[in-house]
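Q: Protein sequences, first through last, are from chains Y and Z. Our numbering puts the first residue of the first sequence at 168, with every later residue one more than the last. Our numbering puts the first residue of the second sequence at 32, with every later residue one more than the last.
What the hints contain is simulated information worked out from the structure, not anything from laboratory work. C-beta: ideal position from N, C-alpha, C; glycine also. Honestly, I wouldn't trust all of these hints.
Simulated restraints, written as ranges between beta carbons of each label pair [to be verified]:
(1) Z:Ala-146 x Y:Asp-223: 21 to 27 Å
(2) Z:Ala-104 x Y:Asn-287: 20 to 26 Å
(3) Z:Trp-123 x Y:Ile-371: 37 to 43 Å
(4) Y:Ala-214 x Z:Arg-141: 22 to 28 Å
(5) Y:Asp-223 x Z:Glu-149: 33 to 39 Å
(6) Z:Ser-59 x Y:Ile-371: 22 to 28 Å
(7) Z:Ala-93 x Y:Ser-368: 19 to 25 Å
(8) Y:Ala-214 x Z:Ala-104: 41 to 47 Å
(9) Z:Ser-139 x Y:Ile-371: 18 to 24 Å
(10) Y:Thr-295 x Z:Glu-51: 17 to 23 Å
(11) Y:Ala-214 x Z:Trp-123: 20 to 26 Å
(12) Y:Asn-287 x Z:Ser-139: 23 to 29 Å
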Amino acid sequence: MSLALPILRFPFAAPDSSRTAARRDGTVWMSSEGETSPEDRARANAALIRRMAGGDRDALAELYDSLSRPLYSTAKHILNDAAEAQDVVHDVFLALWENAASFDSGRGAAFSWAVTLTRNRAIDRLRTRANRARLLGNSIPDDLGYGSETGDLGGSGLAELGDRAVAVRSALAELPADQQRALELAFFSGLTQKEIADKLSEPIGTIKARIRRGLIKLRDALANRL
Amino acid sequence: MNDERQEEFASLYAFGLLEEPELSAFRSELERNPELQRLVAELRAAATALAHAAPEAVPPEALKSRVLASAAARGAKGPAEAREKVVPFPSWIPWLAAACIGAAAIWSQRQYAAARAENASLGEERRVALASLEETRAQLADARKLVTQYSLQVAELSTKLKDEGDLAHFKIATLASMLGDSPAALAVAVWDPAREQGVLEVSKLPALASEKDYQLWVIDAKYPAPVSAGVFEVDPVTGVAHVVFRADKPLHAIAKFAVSLERKGGVPQREGPIVLLSP
């Protein structure tokens, strides 16, 4: 199994400054095309969820337009199965619809809530698959895949990637390869600490340290970009 | 817990990778540590941002329609706030319902207790009644035995009484000797009117010559002359005779019995001397 991480080959290791105006002043990251700031997006999503709590199905449609791509991409990458990913996304939006009244923006962004629901449900499905050996050996790709492909967007899809995706990938690209790999497996694989350590043939303490250091760096990097 | 250790736990917690027993201890610390809560929120936001690092995939258009259709189907039980707007539901109603349920429960409990007590009482009464019934049945069986015994006794008594009644209708007479040379001669005559037949027991009557017979006579008030009841002989040694006799005419009112000494074979009308006579 190759541990070489294609993310290092990611062409946006240095974000395209012609398209983005990434600032590191810690407040706003704006695209050159005038996309709204992360704070504005968070507020907009929170407002949509409040409308959903009032029974507004148009708000649900808008939230779907806003979040469905990253949620579906996450579920599909975890499950490696488009049909199951669609089921997960469907269930997640229904859960958001039915529990919109319980959303508290003070405890986190709507995006984080939705991603957490999606990841948990996808991993639950992953863990219920009968063949654990298959899970360990085959279901998790060695890398996230965006070095050799760009998902459904095709080879030229980079230009169509959202500013948030660009920011995250840029921040990831700045991490050491072992930390990138540890974070990928921690988020997408559904494996435990020990299983990650076994998969990477490293002591568990080393894996914990990589996850800690990688996530702290990612937080700091994204604080200036998202 | 030092900062590095805390960051490690918070990082693992953000990915859902923290395991017991560290998980419980960390949660306890998280509840009372606002700074740790902030750290976890930041790390969780960074972790969930990794969703953007997945290979881009576009969900099919049909998925949106499917989501919206499912939401519409669940609209009736959708978001809580929506329900509040559609159907006003005063907050006191659940309390009222709870109070009603509580009152109903208490009432039911009391009814149950009363019914149980009554049931116990009825059960006791039933047991007493069953015991009484068994006793009565035993007494009835004894009574039936007694009735059977009494019936038998009554039957015996009836038979006895009948016999005695029949006996009452018998005519019994003792015939004393009229012979000077045989004063000890004696006879008893018993007449059964139902059978119109009689028995004569004779003792110590002198034996007769061969051309003579003793002849029994019945004096009935309805006839002017004695009615013959046949002839007989006595044992020549003991003077005893046992004679079953019938009268030549129907008898109605027997007054006396008499035995006379007659010619052999008897005579229609008495000719010889009377040797025995009843009073």
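Q: Are Y:Ala-214 and Z:Trp-123 spaced within 20 to 26 Å by their CB atoms?
A: Check failed, 32 Å falls outside 20 to 26 Å.
Q: If I claimed the Cβ atoms of Z:Ala-93 and Y:Ser-368 lie 19 to 25 Å apart, would that claim hold in this structure?
A: violated (43 Å)
Q: Could you see if the CB distance from Z:Ala-104 to Y:Asn-287 stays within 20 to 26 Å?
A: holds (24 Å)
Q: Do the Cβ positions of Y:Thr-295 and Z:Glu-51 conform to the proposed distance bound of 17 to 23 Å?
A: holds (22 Å)
Q: Can the suggested window of 22 to 28 Å be confirmed for the beta-carbon pair Z:Ser-59 and Y:Ile-371?
A: Given about 23 Å between the Cβ atoms, the range holds.
Q: Check the following: the C-beta atoms of Z:Ala-146 and Y:Asp-223 are separated by a distance inside 21 to 27 Å.
A: violated (55 Å)
Q: Per the hint of 33 to 39 Å, is the separation of the Cβ atoms of Y:Asp-223 and Z:Glu-149 within bounds?
A: The hinted range 33 to 39 Å is violated for Y:Asp-223 and Z:Glu-149, with Cβ atoms some 60 Å apart.
Q: Just to be sure I understand the hint, the distance between the Cβ atoms of Z:Ser-139 and Y:Ile-371 should be within 18 to 24 Å; is that true here?
A: violated (59 Å)
Q: Does the beta carbon distance between Y:Ala-214 and Z:Arg-141 stay inside 22 to 28 Å, or does it fall outside?
A: violated (55 Å)
Q: With respect to the beta-carbon atoms only, verify the hint that Z:Trp-123 and Y:Ile-371 lie 37 to 43 Å apart.
A: Given a distance of about 56 Å, which is not inside 37 to 43 Å, the answer is violated.
Q: 41 to 47 Å was suggested as the range; check whether the CB atoms of Y:Ala-214 and Z:Ala-104 agree with it.
A: violated (25 Å)
Q: Look at the Cβ atoms of Y:Asn-287 and Z:Ser-139 and judge whether their distance stays inside 23 to 29 Å.
A: The hinted range 23 to 29 Å is violated for Y:Asn-287 and Z:Ser-139, with Cβ atoms some 44 Å apart.
Hint compliance for this structure: hints 1, 3, 4, 5, 7, 8, 9, 11 and 12 are broken, all remaining hints hold.
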